[in-house]
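Going down the list, the sequences are from chains A and B. In this text, residue positions in the first sequence follow the working numbering: the first is 1, and each later residue adds one. In this text, residue positions in the second sequence follow the working numbering: the first is 314, and each later residue adds one.
Everything labelled a hint here was simulated from the structure, so no lab data went into it. Keep in mind that this is a model prediction, so the values were computed, not measured. Heads up, a few of these hints could be off.
Straight-line C-alpha distance at most 25 angstroms; calculated PhoX-like pairs for lysine-lysine [to be verified]:
#1 B:K626 to A:K95
#2 B:K682 to B:K351
#3 B:K626 to A:K123
#4 A:K123 to A:K180
#5 B:K351 to B:K332
#6 A:K95 to B:K710
#7 B:K333 to B:K731
#8 A:K255 to A:K214
#9 A:K6 to A:K150
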Amino acid sequence: MDFKRKDILGLQDLSAEEIELILDTAEPMKEILGRELKKVPTLRGHSVVTLFYEPSTRTRTSFELAAKYLGADTASIAVATSSVQKGESLRDTAKTIEMMGIDVIIIRHAAAGAPHLLSRYVKARVINAGDGAHEHPTQALLDMFTIREKKGRLSGLKVAILGDIAHSRVARSNIWGLTKMGAEVRVIGPPTLMPPDIHKMGARVFYRWEDGLKDVDVINVLRIQLERQQKGLFPSIREYTRLYGLDEEKLRCAKPDVLVLHPGPVNRGIEISPEVQDGPHAVINEQVKNGVAVRMALLYLLMGRGEEDVLTA
Amino acid sequence: MCLLLKGGLVVDPDRNSIKKADVLLEEGRIAAIQPGLKAPDAQTIPVEGCYICPGFIDMHCHLREPGEEMKETILTGTRAAARGGFTAVVAMGNTKPPADSRAVIELVKGQAEAAPVPVYPVGCATKERKGLELAEIGDLVEAGIVALSDDGNPVMNSEVLRRVMEYSTMFNLLIISHCEDTHLSAGGIMHEGYISTLLGLRGIPRAAEEIHVARDIILAEMTGARLHIAHVSSAGSVRLIREAKQRGVRVTAEVTPHHLCLTDEAVMTFDTNTKVNPPLRTPEDVEALCAGLRDGTIDVIATDHAPHTLEEKDVEYNYAPFGISGLETAVSLMWDRLVAKGILTPVQLAQKMACNPAKILGLPERSVKVGNAANLTVINPQLKQPVRVESFVSKGKNSPFNGWELLGWPVLTIVAGKIVMSEGKLTGSERS
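Full structure from sequences and hints, please.
Shown next as structure tokens:
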């Protein structure tokens, strides 16, 4: 099928076919990553900029390397600002970038909807690298790619997302993506970290791990932001770890061949115990590698023109 | 100068009737109402098929002057009011500096002398709208305020509000309450529900409003103060107000056109013109608001006109200020969505937008009656046209209704016998 989108703003508006195409395209991309010479000329002459309003190492590096491996030129803009009063408006920044001849803008922003706003300002393509608590489509795609690679399928799997669902863009994008691909999604967390009516997105809601983790094929552990405790959303880190930290005891509730994912960076020993993080079920490091492959696939599908099989170059 | 409105439908809320008649205006008063009037000296205006309503009053708008003249001025705001069919406006006191002193009220009144429609100022309940100490309420009353309100800074301390209410009773002064528990709403930017979950935007639960409505009703009951609940947005608030009225509490309430015409689904596009406080809620709330209007629980439709500059609104949803520019769409929205759909009769609309605001504010009665001041709003129920923000005379172009095709528009605004708007055009900016 053709991939006809200008932007990738979220998984809510992607079809199952489009998601499948992205995941299929990521497979040969991963093969390129295994080569000694990791560079193909597919996107030679194209330019990609990362515009990050929030600190990030892995997502940003992952996108930059993905673009470089495909032969694109990259630049990065880190905007060190926490409020709109300081600095330039998104509109003006967007225009400035556009005038430099950029083809793709990859944006991360603390405000939900910022990528959507950006896409209205520019002709360049926009990829959402995380907007507030709204969506993080490439993270969910790499999670799905990892699950599919290990399990051979997505349809029919039971996938639990564990932790701070309310503030998680990773959770939302995973719910959209996984339910479209036929998986059963469960969200597990305390009621104070569960957004209202999330079941309407297609996820089953559990407050207790004993119920939620039962017989699941995959557990995606979310990072807990430690400042949520000060906001009164849970009593202490200690209690959070006791009730929701994924340890070996909780893991036994799941299927014996359960996969454990984490989008990183990990609060070691808080949302996941070191034994589980470093144990045989965890695929956290594999996720990082797959992240580059999935982002290469997206950039290729958005920009790779022409009929020739670029992957043989 | 005499005016003869020929062939209109006179809306008479007192008799709950509409009758075809000509209306003659002389020296700022209504001189005669009857069919087939002849007045050779008068300027005759054909208004066949149009409803002649008592002059609409917007009892909740933000004119931004002094202090935020880039958003709106008293002149541009009152021109917008005239264009929107309003013959008077009530200006909220959240200006910079706030209207907590006689000096600010006098400045507003002075600026309003050149305005096409009269401006009735609201004074602050507490100094600097901080919710801590009473403003000089007696002095404000002498300066000419029609009500007290700290507007968007609700008085969170119940003891302070109790004293404001008690003190106001000696002037029989209205307290307008923006109901919001600011702890429950902190950081919220839209209605808390499925859509906020989906968008990952921080929600404001209905409870933030309802808790304050309940508290203010209890304090009004205790003190005997006259309480008016601003911009009711939730079904629970309607329930609380209905129950309080049944018990005889002196409480009245208003709803805005945007809370009647939009739901939180409108936020899905991240259009910052949908960002408003209280937030747009759900279809069930809209239904309850309409029911409240019909059964008299909600007395008034008011705009909460909150103009902002394009630059302020053209930002990420989180960072945009709350507010909708409403003066130039309110009447048409209400005609199209309520009257044309049979939810309110034209008489009921006139009650909600003219008679009840006047009554609640203690202004001279609004009715199309011989001898009364000639303040009239004339509506053409057949006129269908799109909302165009470019044509707004308000500085605030922040409307989520841009492009909406609406049926029924105000075509004449008459203030004290003088036409200030005709067919959507302002007729001179000075009021004699």
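Verification of the supplied hints:
Distance hint between K626 (chain B) and K95 (chain A) is fulfilled; the C-alpha atoms sit about 17 angstroms from each other, no more than 25 angstroms. For the proposed pair K682 (chain B) and K351 (chain B), the alpha carbon gap of about 18 angstroms is at most 25 angstroms, so the pair holds. For the given pair, K626 (chain B) sits about 21 angstroms from K123 (chain A) by alpha-carbon distance, which is consistent with the 25 angstroms threshold. For the suggested pair K123 (chain A) and K180 (chain A), the alpha carbons sit about 29 angstroms apart, so the restraint of at most 25 angstroms is broken.
As the CA atoms of K351 (chain B) and K332 (chain B) are separated by approximately 18 angstroms, the hinted pair is consistent with the 25 angstroms bound. At roughly 23 angstroms between alpha-carbon atoms, K95 (chain A) and K710 (chain B) fall within 25 angstroms of each other, so this suggested pair holds. A hinted pair counts as satisfied when its Cα atoms are at most 25 angstroms apart, and K333 (chain B) with K731 (chain B) qualifies at roughly 22 angstroms. Between K255 (chain A) and K214 (chain A) the alpha-carbon distance is near 8 angstroms, which keeps this suggested pair within the 25 angstroms criterion.
Between K6 (chain A) and K150 (chain A) the CA atoms are separated by roughly 31 angstroms; this puts the pair beyond 25 angstroms, and the hint is violated.
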